[in-house]
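Asks: If you're matching them up, the sequences are chains A and B in order.
Here the first sequence stands for residues 1 to 88, numbered as in this note's numbering.
Here the second sequence stands for residues 1 to 657, numbered as in this note's numbering.
Check each hint, because a few of them may be wrong.
What the hints assert, rightly or not - Short, incomplete list of chain A residues facing chain B, as computed with Cβ under 7 angstroms: (1) SER80; (2) ALA85; (3) GLY87.
Note that these hints are calculated values from the structure, not bench results.
Just so you know, even glycine gets a beta-carbon here, dropped at the ideal spot from N, CA and C.
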Amino acid sequence: MTDSKQTITIKVRLFAGLDQDANLNGYDRQEGLNLNVPRGTRLKKVVKMIGLPDRHLLAYFINGERVGLWRKLEDADDISCLKPAAGG
Amino acid sequence: MPAGFMGKYCVVDLTKGSSEVFELKEEFYKKYLSGYGLGAAIIAERQKAGIDPLSPESHLGFCSGLLTGSGALFSGRLMVVGKSPLTGGWGDANAGGFISREIKKAGYDAVFFTGAAESPVWVSITHDNIEIKNASELWGKDTFETEEIIKSQLSDNRVQVASIGISGERLSLISGIVTDKGRVAARSGLGAVMGSKKLKAIAVKGDRTIPVQRPEIVKKINTRFLKDYRQSRTSHNLIARFLNFLGYISSIVGISVPPRPPTVKEVLSKYGTAGFTAYYSLVGDMPVKNWGGIAALDYPIGKAEKISDDNVIKNLKRRYACQSCPLACGGIINIEKGRYQGLEGHKPEYETLGAFGGLILHDNLDAIIEINEMCNRAGIDTVSTGASVAFAIECFENNIIDESITGGLKLGWGKSEEIARLTEMIIKREGFGDTLADGVKRAAKKIGQGSEKFAVHAGGQELPMHDSRYDPGFAVTYKFEPTPGRHTISSHLYANLYGVKEKFPEVRRRVKGAGDKEARKLHLLAAGIFYVQLLNGCGMCIFGALTSSLPVVEYLNAVTGWDLSADEYLEIGERILNLRKAFNVREGAITDDQSIHPRALGKPPLSKGPLKNVTIDMETLQKKYFEIVGWDYPGGNPTQAKMKELNIASLFRAKPE
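So here's chain B without its partners, still in its complex pose (with noise of 0.2 angstroms):
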């Protein structure tokens, strides 16, 4: 008997006000896993070509990974999809909390939004009963106070909620979806396509037990993996023994000790990737100035080490962890200033501290918890909020916008005040917030006057808080990304931490195979981000890749009775990152914007510090990496052949009217 899925999805027609249960075959999960996977197959098969995203016709859907609620560890991502109306192609985004196993406790393995509400409306989710409810008094509430009234309504605290705030509800293209007060699927501006659908919230509880095929393996690889996992960073394995004499050489001459997965644990389970803001800024990873300065001249240590690691967690009440994770990234700080006083708030993610930090030369921590605080009850992307912010400020100083457009702000670096406000304007879509509500792009479009030049993002989407030029495998993933500028895919670093040298053989044979150093780079970070997507796939968490050994494999073949090899599932992901790329093909969005701002690739380049004359060749990266992955040169298609390989040209058959 197969297991690890339930075998259906929900699709809820708002307009119709009904709803319908497929069913799915073992086949399909085979092909596609869960998660980003099949809500990608599904959302391609249901949903015509050329859509606009905020029509009642898109889809979007709720779903969970293949491992959630597996027993798996690092396996309880919620995630979201649909056509992003940020960027006019695939759009998707995952969060933590605990609704993604309450999704398939319900019976689901994905429940899927389409139409639209003639009214704002919830909708109620439990085993075998979908229904919609009048959300009339929870219209203009922050998602804190959704997610509260209707867990009040229905006299259940264990009910899993995931809302939009106001953002959402104003269709604002940076608006994200909330679960767990604070925990949000950020990118993409699936929010927006949430409010379209006049969808408030939904509110999800089951009680079915979730299949897993050989549970007692599932404990077995749990307690080896928890032993190794919380043993002391310092092992005595040969490999690491190698690794730390490397170590030694390097530090004593100079040469950068790359971070390891042990460290990486350490410090994300003290303060979570709080912890990494001030290594960030002096490596010059941390993207300046609107990505237009230099950390150790604009934003020194003196400044970065404001919104790093203790500083950060000197408030903290208590960490948490999400579904499954041995990790507990997460925490709850008490806000000590600002209009949240004496409340509790979510410590804020180092791309929160990097967006309103060191992008914009700011070093209040106060403010930033605030900001942090008002962009969750809100419901929208600290990453586009901050850049918005960002771009913003640089129009102001270049004199392209002044105070009659502002509102009277006088737009400067690091003023919190007004870095506060003009957030809350981009919130509210007040005045000039409503021009920036809708990312960097469409307000350079908007502002003219050559505003552009310092609209930093990548095919519309805005850039997070991780240089390129530091990790040119970021400029990789950032341009050609399906859902471009993100950063929870793969680099150069990444493709190192998550081992996929050492899980895959077909990637051990590839490198080998390589011509040069360049392309053996490349052929690790392509693996890199085929293992995001499998993870993805598998509703898991990249923290869990990037602090350990993660045994997604051998989890895969106990939870499902499967018996596949790690290559046949490394290339799943390959067809699932393949399979939101072939969407982008076929709604034009691929050939329309696949850019990413010259800044990012050192153009031109910076003059002092880490990054110094530092130009990626984007023209070579893109020619071998298109080769790698067999997508079409320049174009960056997916070919025929590689399509046919993976089996999936027939889901995209139909072309944008």
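Okay, chain A solo, but in the shape it has when bound (with noise of 0.2 angstroms):
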């Protein structure tokens, strides 16, 4: 049971087989991960839940924008764990 008041629900979407790395078997890629978090958690802790390999070499945005993994979280965040890439 969960306090409202006390977490915030975010939706964390992994790219280029972030899902697959970090062993999360049945990963909807539509869904993403809708997560429950303590108000006042940062990325980093999410990031380090989830089991990202090499996170500080990712790129991160929450609702389009480009953030650090000190971030502190806010309710309904859509966030987007990738890998930095350039070419093609």
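Take each chain as given, in its own frame, and dock them per the hints.
Replies: Here it is as structure tokens:
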């Protein structure tokens, strides 16, 4: 049972095979990961909790804006985690 | 005994129905390598200045690379060269597949075509034999059918074919040349040059041995390279640890973590370029809404992810690699819907996903896969075609054209059916499609009424799907490359991934001596541009250079037996760039249209998103870049001093009539 005042709901989208890298079997690309986390949680903690490898080499966006791992999350944040790329 | 090259090229005169073989000395290869270098030098010498690229006098070359077939990895690119009917200047395009090695095995470094046949022909090229054959029954067939029919006629599945489809036949100036059923030398409109000669296809097969001076060294280089290349992404050397530490700091505070070759390799090998779509959309690299939109608002991640990575490969049947490639970024998918339902098709590249995705605010992947297949079969450039569709939609939205012009199509952003139908009309030159089939610059000229403000191009060629506001290095290459509007050259990001500073001592010296940060970046950018010309002379794929510390210098010395330094090879790359640029000067193309659409420079700047308020100071960039590469300002012509320094002045005495 979660207390709505103490927790927030966030959505995490993983791209370019990050779900496989983190061994998240059954990850649904359409749905992403919908998580409840304590208010005040930083992105760093969520990323660690998901188990993304080489997390400091990834790019993170919340609601389309590039952010750092130190960012405090807010309710309904839509987080995208990607591998930085160039070329093609 | 020198090695690496076959020492010969062939010229087939389609008017006379004859062919002639010419020998080249080792010194030629030391000066120009092969690929684009050989192609530009031969065409500059053989082709009269100022000719119409669609006239019989023009030359069209199919070139291999100096390292092609030598055992060097990433060296299988086919390089097609000629005067571009789209830009009026130098034209080239390259593609993967397997035909490049076959050209060398047939005994040539390149095969050129001039003249024009009276009726459609295809040309069979084998060792010591060039045969011109009737292609009347092939004319009108798509590139896939053409390849199958030729292989069947020759009863040989290993013969390699390059052909044009309907778009090349109908002289669309955005048509390309297709090999291996979907690898396309797409840019510069060279499919139209092939069509103007009534040359439907070439089929090549040879059995010659490609000479390699020190094959055992090539094997050693490969073994060492592959060991490192196949290692996991987490490297343990000190530099990698340092970069990881920098990445850590960057990721904490939210500064952009730069792409690294191992990460790019990891994504490319699993997804191909389709693995980049979502990332490019979020960082602002993917232009949206005909370069006028803001991805975060107009094409947010919920849309971009539908045409990215896992969604694109959900029906992947198999991955494949081009000749000598350890990366294998290609993929064959099962097509689930549309006119090709039940067939196999190529996994769309990022450029296609961008041009028929974000650029026109369209997220229907099945429709894009169908369009990709239509374009590959018709032999038309998906970048320029998508850009032409975007142009048409914006004209429609602004009431410059209406249904009476479009043949009843109610054009609009993201409307799959209309987009697919308009693409078909462009391919077939039907109705309004005829106006768009020669690219946006000419279409705007025909339509008038201010439509040119929606015609996004550089020097006549439609811009690719990398936003110069995100990486201003692209603005320099888009505007000043001899074949403008190209994304496969260099940018600030690419130059870092290529590792040009680490590879070339002269680059380190120049960067160290550069006055400020901007000058240092431009020195690296210029070096990246020279480096890619070096790769193009070798027939190498830039994905090798973007994903690794490609040992191109070691390969060259091992294959040829030469003993040139890294800097000496880079100078050859610089020579190839200037050779191509000087061709434009001779053709009058450089002063006529060295332009780029203002949107690509942030004029006006976007009001939101990652590219908010970005405007590129092109004049300053231009001045500094020209100074670095030795071109006059503001003209952009290679100076006489530069031409003499690179020993190419004698090729360009003639001026256009």
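Asks: Decide, hint by hint, whether the structure agrees.
Replies: Status of each hint after checking the structure:
no.: 1; hint: SER80; in the structure: holds, 5 angstroms
no.: 2; hint: ALA85; in the structure: holds, 5 angstroms
no.: 3; hint: GLY87; in the structure: holds, 4 angstroms
Violated hints for the displayed structure: none, as all numbered hints are satisfied.
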